Amino acid sequence: MNTRAMQVGLVLVGLGLACPVSSALAQATEAEMKAFPMPPAQGYAEQKIFDYVGDFGYFVTPLDSSPGGGVGPGDYRYVRYSGIRGKRVVIWGTWGTTEIPPPGIGPDGRRTDSCFHAHTSYGVWGRFRFFGFSGWSFLGGGSLSGVRNSSGNCVMRVDNPNGRLDPRYGWGVEALDMRFDANSIFTDLVLGVQSNTHGWGSCQMPGFKACLEPSWALAYTVPL
Numbered sequence: 001m002n003t004r005a006m007q008v009g010l011v012l013v014g015l016g017l018a019c020p021v022s023s024a025l026a027q028a029t030e031a032e033m034k035a036f037p038m039p040p041a042q043g044y045a046e047q048k049i050f051d052y053v054g055d056f057g058y059f060v061t062p063l064d065s066s067p068g069g070g071v072g073p074g075d076y077r078y079v080r081y082s083g084i085r086g087k088r089v090v091i092w093g094t095w096g097t098t099e100i101p102p103p104g105i106g107p108d109g110r111r112t113d114s115c116f117h118a119h120t121s122y123g124v125w126g127r128f129r130f131f132g133f134s135g136w137s138f139l140g141g142g143s144l145s146g147v148r149n150s151s152g153n154c155v156m157r158v159d160n161p162n163g164r165l166d167p168r169y170g171w172g173v174e175a176l177d178m179r180f181d182a183n184s185i186f187t188d189l190v191l192g193v194q195s196n197t198h199g200w201g202s203c204q205m206p207g208f209k210a211c212l213e214p215s216w217a218l219a220y221t222v223p224l
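When the letters of the sequence shown are read in order and numbered with the working numbering, they come out as residues 1 to 224.
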């Protein structure tokens, strides 16, 4: 963050928010994600210490898909990044290693495209210390859905047709770019990410195809 005042403001905003979390397989809303408890109850899938400017931590988590259950805190995987002071950190979550097939023709003869059934949402929380207090603040995130780009590749975008119909599929930003000087109140970042499909995926539930898929958890550092 650029200034201590901005950092403290984010902390105060992040502390007072609470709301119910939907149980349907979908994407968490921004308000729902702000209410996720930190640190995560299930711990961290991976941890990374940034040892130098230019260091990075890229992880695929989970490694395998599983039937989808919901959008509660327990449905996300979390990666902890520390050593952030004195660095600019770019951090985000996105679709993982499951191949999204090209457009095709369905059994009814109509054109189908699994890209639009692919979704990712991520959130970033910062651990802070100031004036003898410590805790966690939600710093931002995003909810993205698949769209075909001009080359025909399926990419995750905040601006997508699903998000225009239902805001939970298109809020936030595609990546967070944050600056933490040597005196920053923030000491650690936690990235939580989930990718899922509706009506298509690499695993199947009886009578309905739906999956939680592997996701990329990504963060790298550059000079301030």
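It is possible that part of the hints are untrue.
[As the list claims (entries may be wrong)] Subject to a maximum C-alpha distance of 16 Å in a straight line, what follows is the list of computed EDC-like cross-link-like pairs (lysine to aspartate or glutamate):
| no. | residue 1 | residue 2 |
| --- | --- | --- |
| 1 | Lys48 | Glu174 |
| 2 | Lys34 | Asp75 |
| 3 | Lys209 | Asp113 |
These aren't lab readings, by the way, just hints derived from the structure by calculation.
In this text the structure is predicted, and so the values were computed from the model without any measurement.
How the hints compare with the structure:
no. : hint               : in the structure
1   : Lys48 with Glu174  : violated, 21 Å
2   : Lys34 with Asp75   : holds, 15 Å
3   : Lys209 with Asp113 : holds, 14 Å
Violated hint for the displayed structure: number 1, the only one.
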